[in-house]
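Protein sequence lines correspond, in order, to chains Y, X, R and B.
Start counting the first sequence at 1; every next residue gets the next number (UniProt numbering).
Start counting the second sequence at 1; every next residue gets the next number (UniProt numbering).
Start counting the third sequence at 1; every next residue gets the next number (UniProt numbering).
Start counting the fourth sequence at 1; every next residue gets the next number (UniProt numbering).
Quick caveat, the hints were computed from the structure, so don't treat them as lab data.
Any given hint could be a false lead.
Same chains, same names: a pair is fine if it fits in one copy or spans any two.
DSS-like mimics (lysine-lysine), calculated; alpha carbons at most 30 Å apart, straight line [to be verified]:
1. K382 to K144
2. K179 to K460
3. K460 to K382
4. K252 to K382
5. K179 to K432
6. K382 to K179
7. K252 to K179
8. K81 to K382
9. K460 to K252
Protein chains: 4
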Amino acid sequence: MLTTNPFALGAAHLPDEDDDDKPKEECGVVGIFNDPDAASHTVLGLHALQHRGQEAAGIVSCDGESFHSHRGLGHVSENFKSEEVMNRLAGPMAIGHNRYSTSGDKALRNVQPFYADLAFGGLALCHNGNLTNAVTLRRQLVQKGCIFSSTSDTEVIMQLVARSDFLSVEDRVVDALRKVEGAYSLVALTATAMYGVRDPHGIRPLVLGYLEGAHILASETCALDIIGAEYVRDVEPGELVVIDHDGVRSVKPFVPTQRRFCIFEYIYFARPDSSVEGTSVYHARKRIGEELARESNVPADVIVPVPDSGVPAALGYSAESGIPFEFGIIRNHYVGRTFIQPTQRTRDLGVKRKHNANRAFLEGKRVVLVDDSIVRGTTSTKIVQMVRQAGATEVHMRISSPPTTWPCFFGIDTPEREGLLAAQHSIAEMEKLLGVDSLAFISLDGLYRAVGEAERGSEKERTYCDACFTGDYFLPLADRNDTDTTQPKELSRLRGA
Amino acid sequence: MLTTNPFALGAAHLPDEDDDDKPKEECGVVGIFNDPDAASHTVLGLHALQHRGQEAAGIVSCDGESFHSHRGLGHVSENFKSEEVMNRLAGPMAIGHNRYSTSGDKALRNVQPFYADLAFGGLALCHNGNLTNAVTLRRQLVQKGCIFSSTSDTEVIMQLVARSDFLSVEDRVVDALRKVEGAYSLVALTATAMYGVRDPHGIRPLVLGYLEGAHILASETCALDIIGAEYVRDVEPGELVVIDHDGVRSVKPFVPTQRRFCIFEYIYFARPDSSVEGTSVYHARKRIGEELARESNVPADVIVPVPDSGVPAALGYSAESGIPFEFGIIRNHYVGRTFIQPTQRTRDLGVKRKHNANRAFLEGKRVVLVDDSIVRGTTSTKIVQMVRQAGATEVHMRISSPPTTWPCFFGIDTPEREGLLAAQHSIAEMEKLLGVDSLAFISLDGLYRAVGEAERGSEKERTYCDACFTGDYFLPLADRNDTDTTQPKELSRLRGA
Amino acid sequence: MLTTNPFALGAAHLPDEDDDDKPKEECGVVGIFNDPDAASHTVLGLHALQHRGQEAAGIVSCDGESFHSHRGLGHVSENFKSEEVMNRLAGPMAIGHNRYSTSGDKALRNVQPFYADLAFGGLALCHNGNLTNAVTLRRQLVQKGCIFSSTSDTEVIMQLVARSDFLSVEDRVVDALRKVEGAYSLVALTATAMYGVRDPHGIRPLVLGYLEGAHILASETCALDIIGAEYVRDVEPGELVVIDHDGVRSVKPFVPTQRRFCIFEYIYFARPDSSVEGTSVYHARKRIGEELARESNVPADVIVPVPDSGVPAALGYSAESGIPFEFGIIRNHYVGRTFIQPTQRTRDLGVKRKHNANRAFLEGKRVVLVDDSIVRGTTSTKIVQMVRQAGATEVHMRISSPPTTWPCFFGIDTPEREGLLAAQHSIAEMEKLLGVDSLAFISLDGLYRAVGEAERGSEKERTYCDACFTGDYFLPLADRNDTDTTQPKELSRLRGA
Amino acid sequence: MLTTNPFALGAAHLPDEDDDDKPKEECGVVGIFNDPDAASHTVLGLHALQHRGQEAAGIVSCDGESFHSHRGLGHVSENFKSEEVMNRLAGPMAIGHNRYSTSGDKALRNVQPFYADLAFGGLALCHNGNLTNAVTLRRQLVQKGCIFSSTSDTEVIMQLVARSDFLSVEDRVVDALRKVEGAYSLVALTATAMYGVRDPHGIRPLVLGYLEGAHILASETCALDIIGAEYVRDVEPGELVVIDHDGVRSVKPFVPTQRRFCIFEYIYFARPDSSVEGTSVYHARKRIGEELARESNVPADVIVPVPDSGVPAALGYSAESGIPFEFGIIRNHYVGRTFIQPTQRTRDLGVKRKHNANRAFLEGKRVVLVDDSIVRGTTSTKIVQMVRQAGATEVHMRISSPPTTWPCFFGIDTPEREGLLAAQHSIAEMEKLLGVDSLAFISLDGLYRAVGEAERGSEKERTYCDACFTGDYFLPLADRNDTDTTQPKELSRLRGA
């Protein structure tokens, strides 16, 4: 059943098709070991993580001998609703994956988890993140005779494991991961053990949970909550967790380095009812709103969130500023992926298809709009216009993130700098473009304060990845800097399935 | 694209499959006359009214000569997404319908609008409401040789129009409606005119709008907003509105009687961004919350809405009581109609699949839960339990409607009295059953005050239908009282399509 | 599983999509009473009658109280393959229908059997044939307030039964059929009895069978064979057969008139393994070939059937003439309804997509091609050309029917006279158009001899309908001659479902 | 459109689901180079070869730069009917494949052609046949780190090509094929050339054709006929044909050995309108029937083919013996893959669902039934019983192949010896089991005579593979003899897609 809540508070919505004005998280992972309902619980966990990837979902289970797989385009609830599918996913261990993908490679062959029969037996594997040297590694592997069946960077890891000279699965996985660079929170399954790894910087989240003898890995705690599992701890940056019938064993196979968790998980990606890295996401968002109110308060009559993701920060802003909070904009939730194409005349009706102004709260008022981020700025412009048409006398926009000025290479889909409004324009220019009386973003230090740090600090002290605001990538970007023009730019010459 | 807003404020959600603990609105209607995008705008209007009926949707358009129809089970966005379908729905006039139906007659043949070739030409027809003498009329018509192709009460109206001895469409429609009893807001279309009628009591809503030469009929104003149309006025109880190329003409063909608008539309059914009978639904709900706080306030630390429909009343309660409002319960929105059947073990995880407690806001707190109504009470029990498990020291439940103690026969799907918790139990018993420290419903007079009356008043003065709280049905219930046991109770002996 | 037999002998093939050069039978019917497997056996019977109608199929069963229905577009095997559907079709009685329809009214609402709740209870009804005054009757009924839910002539019968002033089902059915004109073999079902009727002339076939206590009605005997039932007798022209738990009762409610069975059933429509009116269809076709050889033999080296329907006549021709029979043309059976649209270049490859010449049997030979009929002549032209390209020195065409010069109004879909090659051209002209050295059709008397008559005889003696060859329609054609131009020509103003 | 020809002459039918009593050909291949309609013509060619594999079909085309692929389960006409699919298959080169597969590995991942991005660019590849050392090679490759994405033996060839140390595509393909053993007729495509290879013994067929500048490879000539292409020659055993813009080049990279073409292609597999190895299949079948009549004639009244594949031999038998040929058994062609499951009572009706006896030709007659082969004998038993029930006084069965006593390892799906009737029983026993008055198979020498040889001859002279009759496999069967029990018997531990 679909929902059309015209108001909503949380940031963790499933983006609409036309939500092209928001960054997109690329994946969510779940793994369950030693659970009689392993596949069902993986489905529920993936469902709770649906906001991290809506384009495809897959599960591989194992009964100790054979592996069982089902993967499909679309939502978790669509792909795993049939009893036949669920019966097929037998066994007490399973790993699963939600995928968001950039257009062009939506093919089923790219849907994770990947599975391969290796020399030691079967291996299933999936991850959340993005490798920054995947293209370079792939090219080398093809020269050596490797056949790739997808264009996913996950398959690079699989091929490296397959060709590793080490004997044990654990050593092969470590051998493979030492060759890759970038962000990854990886879950793998053999017939006897489950593995969880976070990259040395811990850029993407991964938590460990427990439910009646079963050990669980998941991107966020909300995937534990939905199945009634208890949160044990976060997997640590650079940690390899090995789960088998002897329990949970921890290995630290990488050279220790600085923790750099993605700060945007707090601003927008994670579900508000999750805790990541030990902090409640909802609380963090309220605190960001409070900081924002302290930094850039303005005399006003009403605080109005831009639905849905601006709501918690707007509540925080309202609490700190004392200005009343109201749902002044209501969202018409379009349900279903595709919908009739509007005629030009209908198109001119514009943003109304998506948002409806609650005139009673806006007319004659000085309005503070609170949103989480500005990417291209297209939607913001329409919303400001709608609020003015509803009779607002002043419109002030407050953004609960610093200006987004750099693309992400660590697992988030964002435009290049040319497409980022704040990378191309000054605050004053943006105020004009958006049509607001004032525009303010939270400061970097303010953001760090809201998530519990004193300030952003020097490069050495910095504990978050804030590259999308600063361009501080702190990792080599091999594929990005690749200048080999003798090779085709596409990962595959094959079009189609 | 689906939404999984884990919080939500509005009451106008699309009920989940397992929302069996809420009453269900039975229909929404839209009609558009003289609009080059008649069908597209009808789709958008129906989409805005999706909360009034999710099981089927249909549209009949007319190009002045031929009629074009498309009807399907499921949501508006699923049924009308194809270009081919939309191209087929040609012409500047269209009427559309969203349907909720009780199980058993979900067949396509019952999906409105209905169409028939009558002596004068084509007629399409749909309504929101429920006729209370439909079975009796149907039986008489079958004896006269009428063949029914559905089990819908709308077809009774169609057959009466077909057999009317009057000549003009207007006279035939009035002739037919004079024979029926119950609640209806009806929209009809011929090749030259559109008709809108509300039953003499005006039980269900119907509004008139205008957009660049086009006249629009719709159940709620949110259907006007979505296409940028202007709200003109509500169609009046007992009014027949005739819309043709000469404009809008009003007829009052029925004996005038008392206005008795469904008060539950304010409490739960209508979308919060709609105005019905001239009053903002969102405002009404906040005022109900305020009245509730005045009537039955209790010392507490936090006001927590039961998502999604308790949110506006909780905001009103919080504002009036001064106790802080927090989203202490988060809803896991299940998307997709069907989902894997849980195993027994998974089932025991219970309400967690649907709601997640925000422990940080509940632990050690005295909690006031605000919900809109209690029907069977099954969900409420689970929620209270969950809130206690999250550490609440006290749980007080406040309901923004009076106790629901009688079934509705005027277009809402509710259980019989045996299934209504409040019809079977005292407040004290319910407190025990639900496991709360205290339970309070808004008083009838308090509810009337919230919607702008001084009090409920005597039978003569009463301007709302409150039968579900009082059993005051104010209309004969012919089918209900039918004791003819020589006839099959089913409307049709046919099973299947 | 589909078949692509490159050769085939029988006439009873399912026409290809592009078989627009053959007349099309419009229906097949089956009814079974008192059989524990009523629905399954109806499915099998309809499957055996698939050649009589491929566009839709439906079944209504009855368990003595409720009726159960399933109808769908497409083939029998597609519509009734699911266990769920078959379980639903409960009860020891069922009637079923295969439908061919002219394009434009392929909608599901036209798929038979039709069902209605009438004053006396439920009635299901279907027929094979065509009423010649259906439009006239329909118009009168609409004026009286009848609502039609289809454009099928079967519904006219149903409405007449519904409005009949008689009390018993039998009397009502007779009352209705006395008002209709045309060809019909009808099967009807109530909760207690099954009815079978052939029109007074017996234009379309209907046989009675028996299987372990069950009585069966079917269009052809092959539907009895497939379920192992025994053939009892043909229902007689003008006979109403009433089957209930007292057995089979025969009524003759119509004024007796001349038997006029459709002679084209022998030539092309019926399955070769059926017996109709007591005569083996396959034998009849062989005898037609023998007559043809006697009437228009020509010196030749090889007799080659045009696949598939020319095969039995070609065998007869070969036997009579002593000229060897060979499969000189092989048919590429296209499977699946739709197929890629050819490019112009591919289109020029023409008939080869459908037929392949067996060069070894044609090169240097004088060839007699035997086909069953020529309608438009388009396919014949291509086949002759192909045979010549394969090296035939002479091509003689022999047709096992007289020239088709008039359209059928009794249940077969044929072009109007403008579209019938033989109605527009002399034999000599056709020889030139088709590119053959000689062309001969069987004579009318020859055809009558082949089916066991001495000759065609005078109008009084004539026992077959041969209107498509002679224009002798022997019945008023009310709809055909209708000149009321104040009414729309379409049966319904509704487009779509 | 489906066909239900109740008679049919050819052997090249598409087997029914329940045709488990016939051997199944495993594949058909087509390749087209330098044709503006390459993909369309490949579709047509595959369609003509549908009898060689009905479970899946795929095409890979190339536009000189990118490759375009579409593969699907089911028939050619189903998989390639959409315009969107055909538009996607751009470019003047394409290869395609029809697949029959043993149950269990029907997954899409096994559908050919396979494609891989190799060091030199893209390569697409498919074959007809069966490698007898595929499992052994696969195991070695996995140990070296190869990841297989299917369980098909074709991927073994692809992996060998990928890892070959040679540089040119031609050298790599030869290098790979020198490592494999068994039967294969292979077609491969790069961005600049197409390759065709037959294994050194030429076990499976492959022909070369030409159409207006385009070069074509196909399993049988009927695939050339359908697109109007001219037959050039058969690719020779052990020949590698390289087709590029310089034309056709022939290479003979293997040690020359004896030609051993599959003689069963003449008996049953190939389409009767094809010529294979220069001989018309239809002629060969008639000659087999003639030989059979000479070898084992018996006094009788009528020669009746078991439809559909017994027809040509029956015609030959009739011509030689002078006993009249009649279609005494008619086949009810079941259309659609699945069909309702019969009840026990319905099941007892048995073979009638599939065949119908033409009583008029059988009653009181001495009948010779002609069939092409006996595998398990289940269907034959039922047919004999049916013919007897129809009144035949004697039933003699004549089989146009020698007794099938050994399984095939070269690309045909047959039971093991335990499942082969003739491997378990003497002629006398079989006569009793089948219930016939006499049973005779054609002799091996008779069969060789029918295909143009003087006799079977010594091992050195033998030019056909007749292993299914003799067990003379003439090749090592590495996988068959593999006794490594430390490895799982399944090719993959993965179940599902």
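- Checking K382 and K144: alpha-carbon separation at most 30 Å within a copy, between copies, both or neither? Answer is neither; intra-copy 53 Å and inter-copy 56 Å both fail.
- Task: Measure nothing new, just compare the shortest in-copy and cross-copy C-alpha distances for K179 and K432 to 30 Å and report within, between, both or neither.
- Result: neither (48 Å within a copy, 62 Å between copies)
- Message: At most 30 Å between alpha carbons: which applies to K81 and K382, within, between, both or neither?
- Response: Only across copies: K81 and K382 sit 24 Å apart there, 38 Å inside one copy, limit 30 Å.
- Query: Given a CA cutoff of 30 Å, do K460 and K252 count as a within-copy pair, a between-copy pair, both, or neither?
  - Reply: within (21 Å within a copy, 67 Å between copies)
- With 30 Å as the alpha-carbon cut-off, assign the pair K252 and K179 to within, between, both or neither. Classified as within: same-chain Cα gap 16 Å, cross-chain 44 Å, threshold 30 Å.
- With identical chains treated as interchangeable, where does the CA-CA distance between K179 and K460 reach 30 Å or less: within a copy, between copies, both, or neither? within (24 Å within a copy, 57 Å between copies)
- Query: Given a CA cutoff of 30 Å, do K382 and K179 count as a within-copy pair, a between-copy pair, both, or neither?
  - Reply: Cα proximity of K382 and K179: none, with 46 Å in one copy and 50 Å across.
- 30 Å Cα threshold - placement of K382 relative to K252: Neither: 50 Å inside a chain and 43 Å across chains, both beyond 30 Å.
- Item | Intra- versus inter-subunit Cα pairing at 30 Å for K460 with K382 | Close neither inside one copy (41 Å) nor across copies (49 Å); limit 30 Å.
Of the hints listed earlier, those the structure fails to meet are numbers 1, 3, 4, 5, 6, in rising order.
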